[in-house]
Each structure stands twice: as C-alpha cells, then as structure tokens.
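Trainee: Here the protein sequences line up with chains U and Y, keeping their order.
For what it's worth, my numbering labels the leading residue of the first sequence as 123, then goes sequentially.
For what it's worth, my numbering labels the leading residue of the second sequence as 123, then goes sequentially.
FYI, nobody ran anything at the bench for these hints, they're computed from the structure.
Be careful, since some hints might not be right.
Pair by pair, the computed Cβ-Cβ distance ranges are [as the list claims (entries may be wrong)]:
id, chain 1, residue 1, chain 2, residue 2, range
1, U, K128, Y, A133, 44 to 52 Å
2, Y, V127, U, A298, 31 to 39 Å
3, Y, G290, U, K128, 38 to 46 Å
4, Y, A298, U, T129, 39 to 47 Å
5, Y, S526, U, D254, 46 to 54 Å
Owing to the predicted nature of the structure, the values given are computational and were not obtained by experimental measurement.
Every residue gets a Cβ at the ideal spot worked out from N, C-alpha and C, and that includes glycine.
There are 2 protein chains.
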Amino acid sequence: MAGGVKTRIAALRAELAELEAQLPPPVSPLAPAVFPELPVIDGVRFATAAAGVKYKNRTDVMLAELCEGTQMAGVFTRSTTRSAPVLRCEEALAAHTEAPDKAGKFAILVNSGNANAFTGGRGFESVDVLRDAVAASLGCPAEKVFTSSTGVIGEPLNHGRITSAVDGLKGGLDPARGHSAARAIMTTDTFPKGASAALDLDGVPVSISGFAKGSGMVAPDMATMLVYIFTDAKISQSVLQQMLWLENASSFNCITVDGDTSTSDTLLLAATGQADMPVIDDFADPRARVFRGALQGVMRDLAQQVARDGEGASKLIEVRVTGANSSGAAHRIAMSIANSPLVKTAVAGEDPNWGRVVMAVGKAGERADRDRLTIHFGDILVAENGWVSPEYTEEAGAAYMKQSEIVISVDIGLDSGKATVWTCDLTHQYITINADYRS
Amino acid sequence: MAGGVKTRIAALRAELAELEAQLPPPVSPLAPAVFPELPVIDGVRFATAAAGVKYKNRTDVMLAELCEGTQMAGVFTRSTTRSAPVLRCEEALAAHTEAPDKAGKFAILVNSGNANAFTGGRGFESVDVLRDAVAASLGCPAEKVFTSSTGVIGEPLNHGRITSAVDGLKGGLDPARGHSAARAIMTTDTFPKGASAALDLDGVPVSISGFAKGSGMVAPDMATMLVYIFTDAKISQSVLQQMLWLENASSFNCITVDGDTSTSDTLLLAATGQADMPVIDDFADPRARVFRGALQGVMRDLAQQVARDGEGASKLIEVRVTGANSSGAAHRIAMSIANSPLVKTAVAGEDPNWGRVVMAVGKAGERADRDRLTIHFGDILVAENGWVSPEYTEEAGAAYMKQSEIVISVDIGLDSGKATVWTCDLTHQYITINADYRS
Numbered sequence: 123m124a125g126g127v128k129t130r131i132a133a134l135r136a137e138l139a140e141l142e143a144q145l146p147p148p149v150s151p152l153a154p155a156v157f158p159e160l161p162v163i164d165g166v167r168f169a170t171a172a173a174g175v176k177y178k179n180r181t182d183v184m185l186a187e188l189c190e191g192t193q194m195a196g197v198f199t200r201s202t203t204r205s206a207p208v209l210r211c212e213e214a215l216a217a218h219t220e221a222p223d224k225a226g227k228f229a230i231l232v233n234s235g236n237a238n239a240f241t242g243g244r245g246f247e248s249v250d251v252l253r254d255a256v257a258a259s260l261g262c263p264a265e266k267v268f269t270s271s272t273g274v275i276g277e278p279l280n281h282g283r284i285t286s287a288v289d290g291l292k293g294g295l296d297p298a299r300g301h302s303a304a305r306a307i308m309t310t311d312t313f314p315k316g317a318s319a320a321l322d323l324d325g326v327p328v329s330i331s332g333f334a335k336g337s338g339m340v341a342p343d344m345a346t347m348l349v350y351i352f353t354d355a356k357i358s359q360s361v362l363q364q365m366l367w368l369e370n371a372s373s374f375n376c377i378t379v380d381g382d383t384s385t386s387d388t389l390l391l392a393a394t395g396q397a398d399m400p401v402i403d404d405f406a407d408p409r410a411r412v413f414r415g416a417l418q419g420v421m422r423d424l425a426q427q428v429a430r431d432g433e434g435a436s437k438l439i440e441v442r443v444t445g446a447n448s449s450g451a452a453h454r455i456a457m458s459i460a461n462s463p464l465v466k467t468a469v470a471g472e473d474p475n476w477g478r479v480v481m482a483v484g485k486a487g488e489r490a491d492r493d494r495l496t497i498h499f500g501d502i503l504v505a506e507n508g509w510v511s512p513e514y515t516e517e518a519g520a521a522y523m524k525q526s527e528i529v530i531s532v533d534i535g536l537d538s539g540k541a542t543v544w545t546c547d548l549t550h551q552y553i554t555i556n557a558d559y560r561s
Numbered sequence: 123m124a125g126g127v128k129t130r131i132a133a134l135r136a137e138l139a140e141l142e143a144q145l146p147p148p149v150s151p152l153a154p155a156v157f158p159e160l161p162v163i164d165g166v167r168f169a170t171a172a173a174g175v176k177y178k179n180r181t182d183v184m185l186a187e188l189c190e191g192t193q194m195a196g197v198f199t200r201s202t203t204r205s206a207p208v209l210r211c212e213e214a215l216a217a218h219t220e221a222p223d224k225a226g227k228f229a230i231l232v233n234s235g236n237a238n239a240f241t242g243g244r245g246f247e248s249v250d251v252l253r254d255a256v257a258a259s260l261g262c263p264a265e266k267v268f269t270s271s272t273g274v275i276g277e278p279l280n281h282g283r284i285t286s287a288v289d290g291l292k293g294g295l296d297p298a299r300g301h302s303a304a305r306a307i308m309t310t311d312t313f314p315k316g317a318s319a320a321l322d323l324d325g326v327p328v329s330i331s332g333f334a335k336g337s338g339m340v341a342p343d344m345a346t347m348l349v350y351i352f353t354d355a356k357i358s359q360s361v362l363q364q365m366l367w368l369e370n371a372s373s374f375n376c377i378t379v380d381g382d383t384s385t386s387d388t389l390l391l392a393a394t395g396q397a398d399m400p401v402i403d404d405f406a407d408p409r410a411r412v413f414r415g416a417l418q419g420v421m422r423d424l425a426q427q428v429a430r431d432g433e434g435a436s437k438l439i440e441v442r443v444t445g446a447n448s449s450g451a452a453h454r455i456a457m458s459i460a461n462s463p464l465v466k467t468a469v470a471g472e473d474p475n476w477g478r479v480v481m482a483v484g485k486a487g488e489r490a491d492r493d494r495l496t497i498h499f500g501d502i503l504v505a506e507n508g509w510v511s512p513e514y515t516e517e518a519g520a521a522y523m524k525q526s527e528i529v530i531s532v533d534i535g536l537d538s539g540k541a542t543v544w545t546c547d548l549t550h551q552y553i554t555i556n557a558d559y560r561s
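So here's chain U without its partners, still in its complex pose (with noise of 0.2 Å):
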C-alpha cells in the first residue's frame, strides 16, 4: 500500500518538476501594479544594450551618464570576499572624496549576467578595460567611472561583448530611460524597481529618483542588491556621503532574504547640482532635513521592493521591536526574528507561531526578560507577561495570517531602543530556485 503510492508521488512529483519547468518564472505575488513614473534629473541621462553577456534576448547593461559637477557617495558591501568592481568603486569614491571638485563628468557602468566576483586578478583586467572604454567614449577620465557586475560568480567576464556596446550606449542616452535603466540590471528579480521624490528646498523644486535590483539569483550565485540614486540638488560631497550612510541604516540595512550577504552589493548616491539653490554644504543646515527625509522615503520604497521580490515571497513580513536595551540591540533582535527559518515558514504556513518569535528573541544574544515580552501579530495582542494573552484566540491569528503583508511587533519592555526591519517568508519556491535548478 505504501509502496502503490511512493510510486504515485514519484511519478507525480516528475510530471510536477517538468510542467513548471515550461513555465516562465512568475511575478511575484508582492509586486507593485505598475512601475513608477521616475522624473527625469537634470544632468543625467540613462542608456541600455542588449550585449549578450550572458542572457538573450534582453538587455543586460547599463550605461548612466552624470554631468560636470556631479557630487558622489556609496555604500558598499561589507563582504571580506567582496568583487573587484567593488573594490575598485571604493578606489573611485576614497579619490573623489580627496578631491570632490576635480574636474570632469562621472559615468556608472553596470552589467547583469556575470558578477566578475572571485575572478582572481583576471577580475580587476576586465573592470579596468571597462572604465577605459567608457572614459575614452563619454570623454570623461577613467577614475570617474564606476562600475558593477551582477551575476554568475567565478567565471571570467567576457568585458570585449561590453565593449563593444558601449559607442552604442553612447548614441542612446536619455534622460527619461530610468525605466529600461532598471529592467536592465535584474538577474532574476521578477520586477523592476523604482521609486522617487519631489520636494521642495526653501522654494527651488528638487527631484530624488532611484531604481533597484535584488533578491535575483544567476545560478550558481547569491542574490545580489544594486542600488543607484539620482538628484539634481546641489549638495557638497562630504554632506552626501554623511546622509546616504544614514539613511542606508534604516533601508536597506533593514532588509533581509535569506541572511546571505552578497559579494558585489552596491549603492551610489548622486547629486549633479543643477538644481538653481545655494549648495547645502553643512548637515545641520534646515535642507539637509528635508532632503533626507525624502532620500529616505525613496530608499525605504525601494529596499522594501527587494524584500517583495525575495526569492519565493508569497508574504512580506515587518518586523517591529520596541522597548530594547538600544537601537543596535532592537536591531539585531528584529534580523534575529527576520532571518529565523523557523519564523519564516511559520509564515509561509499562515501559522501564527508566536513561540517561534519567542525563540528568535532569545537566540539574538541581547538582553531580554521572558516575562516582560509584549507581542502583537498586526494589532492583535498575542503574549505578554511570559504567557500567551488571556484574550488571543488562535482562529484571530490564523485569521490574520491569511494577509499578505504581515505585522509582527514585539516590545522587550526593558528601555527605549527600537527598530524596523522587513523580509519575506521561506518557501518551497525558495527551495526550488536554489537547489532544484543547477546551472
């Protein structure tokens, strides 16, 4: 009996695996309706190409040119192993802040398909060979161009196919193709994103606008997050770089998949001043609140859109701890609780498994008191005092589990740190994507 239907779930399980093979990966179900309208940015322009470096039939490369005068700040990944376009981007941006008015225009360079990560010297020859082509095409010097790769770790870059792109790019450029800017670096995020802000500077109108790529996979790598922002406020570099590290704290530090870090994660900030304001030169100055308050509402957009595309999403998780010893120490009680694989399927299964956050509260190795955890699933109380609340039912939480965007709080009741931080739930399709299909 058994045995009659082991052999019913093999062959079901083979038919299954080649009917979803057929299949085009599918959207996920958190997506936005649409992608934004991005407003175009005075002094930058975007052009894309289809240079085969991996993928077919698509665009895989991304040429952004800045204007004289631009301002640049990143945020890099802090891997040990991290990729020789990242290394060299750090290169780029130490000089640049020694010299933040040297003359000339900047460009950003970025491939989807390969990540030119652990490629050994071999690695720098090819990111090198890039710069050069782009600085002699666009006629700007070579240690203002920055670049990144996307995709399949330790195989050489083919850079010659991008080479050859790049007079074409150049031909192309537009200052309103942010969109096919952001459908050109996906790996296999399944929707490009973009976010932006308009705001207002004691009366001069300024535009922020940005797009994002994340949670992909290129067999056989790690989802890899890339990151470009753009404004026309005139703001200094050291001002820049102060804000975006910031606001980087609360965005896409906030964000977790799967609690692997990448080796190419790179954000670049930039600001080509053509806006008509007295530059903002000093981050006390009123200004620079406004602009960071809007610089944040966009990299919050777009970091929440990477954990809505986590690799098989079916449900955005926010997780909310208040109450903690500190901010650093809510922080890492809330990744506790975001990166627990437990919590996660919990989710997956819309099983509203508040002994699992428990669990994730204890592990984090901060302070903690059993008997003074407060926890809330959306707004319904579910434990407090050490036990499960006297008015939890468990048809509420299940209730509750059904949405596809869940709330789960958790106040420590010891001080006044607190942080917010957003992943997605672990799935069979997250299975799938990683193990099931080899390179």
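Once you have looked at the hints, place chain Y on chain U.
Mentor: Relative to chain U, chain Y alone:
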C-alpha cells in the same frame, strides 16, 4: 497554453499533498543502520511510560534514577527566553556545585510532547509538582530531581498525567532500558540516538553511555536538543563539569540545523562513581585526559546523529575551516558556511557551488582574504589564489556532490586557527515540516 499548464500543476500539487499526508514521516536517509548496544552503567536505572502528554500510542516520559554518590554536570541553552525546566535545572546544578557531597540520590525526568516553555508562573508550578512527585516516589531530595520538557511551546503542561505515571515508572526501573529511554524523549526525531564507549582508566574498566534527541519538531515549535550521558567513573563534580564544558564546545556547539536556538536545550552528564577506582579530582590527572577522549567520541557521535536527523536532511555536511586567525574565528566562519541557506540549498541540489562558500566566508565578520582562500570539496581542489583552480572540472565537482556525506574544506591562509562543524542540507522537506503542516 500557460493556463492549461497551471491548472494541471495545481491538480498535481493537490494530489501530491494528499498522498504525502498518508505516508508516515520517513526515517532520515542518513540514520545509522541500527541503534547501538548501550552498556549498562552501574548505578543508573531507566523506566519509560506512555502518559499521553500529547502523543498517543507511544512512550513520552522517561525517568532515570542515579545512585547515591553520583556527581552531575550540565550545560544549558543560552537563550534569554529559556524554559522553566531549564531555569530549575540551572538552580539545581548550582546547589549541587555548592555542596557536591550532600547525601541523596539524583533523578532525571523527561517528557516529550510539551516544552513547558513560555508558560508564565504556571511553568514553575509544573516543574515543582513533578520534582516533588519523583522525590516522594524514589525517596530522593526534590532539589536533586532534574526535569526536561520538549514539545509544543506556550501551552500549559498537563503535569497531572505525568505525576500519575511516576509510581509505575518507579516499578519499571531497569539498568538495561537505555534504548527505550532514548525513544521516549523523541519528538519528531525520525530515529533514536545512542552512543557509548568502553575505556580503561589505569586498569579499571569504565563505560560511558548516552542518548539524545534533536531536530525533531512538535508543531508549532522549534527543534530542541536534549542529551543525557552516564558513566560509572568516579570523578569530582568540578572536574566533571570542566570536561563537559570543554567537550561540548567541540561537539554539540559544532552542529546546526537552521541556526535557530531552542528555549529548552539541556545536556546532563552523570558520573555514578560505582567503578572501583580512586576519584579523579584533578583536571591534570592523566586519567582525565583518557576519559575526555572517550567522552568526546560519545558526544561527537551523538551530535552528528542530531545533524543527520536535521529536519528534511538528505545530506550530512562537514565544514572544516583551517588557517583562520584563531579557533574562534575558524568556528564563526565554519558556522557562517553551515548556516547559509544558499550553501545548504546548493548541497541539496547537488550543485558544487563554491561561489556560495566564498560568499559565506565573506559575510562571517572574520578576517579573510579572497586571494588566500583554498577550497576543497572532499579531496577535490576547487578554488585557490582568488579563483577557480585550473585543474578543477565541473564534472568532478558534480560527481562528488552526489554522495550523501559532503566535506567542504576551506583554508583561510592567514594563521593556524581551525574548527569543524556539522550540518545538513536545506530541502523541500524542511519547508514541508515547518510550514505546510499546522498544529
């Protein structure tokens, strides 16, 4: 066309889920062929009962009685939300450490089916009732009764079902019932776990015998590890405790299934002192080294059995890190690899994905240099000098990954720190166990 495929996929999935639910959970393919013959330990007797705490038609309570003169040592979960039984065990151990020669027998009572964790003040009441019942029945001091509970979190323990079984348990005490004891403490373990050693301490034959449960899961909860080890050797409490700490660091602290930490993990080591030998009361005693070697063997064997029974495991993974800055750094790098969902899914997919190993080294937060890394899969040199090895072939890597036990070796190339850890792969079955079936 795509619509027809989708309909068929939905139908196949529904039939599959129905058939899979009919099958008993399969025994891990990595289970040892047989449960080992556990030697009788002079001074220890076991009994089991089917008290119906949660499960039906199986034993779920285990009682161990330890003769007068026994010394006890213990290690417990570091979770800040640990359960009432764990907190009471810690108190009992502290009291014993203060007065190791106080008269009276010890007892260990374990139930499966309910963890008595996050049950507020009622949790302590249950523990106290159980300790009193055992103390009254066996005639031992209540403060010498250690209890453990494993299973569902957040539900009150029906301790009355256990206390009614205590007198029956007493009547069934038998030195040869180690195998039954190992079975009674299982939750979703797919096999019972036992190990033993026979050793010679200056001509005196001594035995070590132990059993464990772990990586089982009782919806809606996380895996808990419980381990009980017994010996007839005569060892002072302080030396026994020191040996347990040291060997725990290279055994149970070197395994991981999903990086989640239980609220209830408990490891107890009891030395009855019935062997006819002078006491080992100095860590420098040469016999202590011999004993530690044998204890390490038993503890590593049990720890690896837990990894082999990891939820959904299809492959055992041994991660060996050498050449790190310190043994602590090596351990953290090895755990970063062993806990990486991307590494674990790659192993499940039989994909020799060394790029993900590089990623996991990079995110460990320890010093590493991409260009000094050397990576082996088994005996196959995969990567060195910052790139894939020229002698490596994908065919050789893919053939190796088909084995059921995978060794990933990483030399960091900096110093002499080393560590080895064990884990299992991350499969669809893990998601099925933890997401698909609700309580």
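Trainee: If you test the structure against every hint from before, which numbers come out violated?
Mentor: Checked against the structure, the only hint that fails is number 1, while the rest are satisfied.
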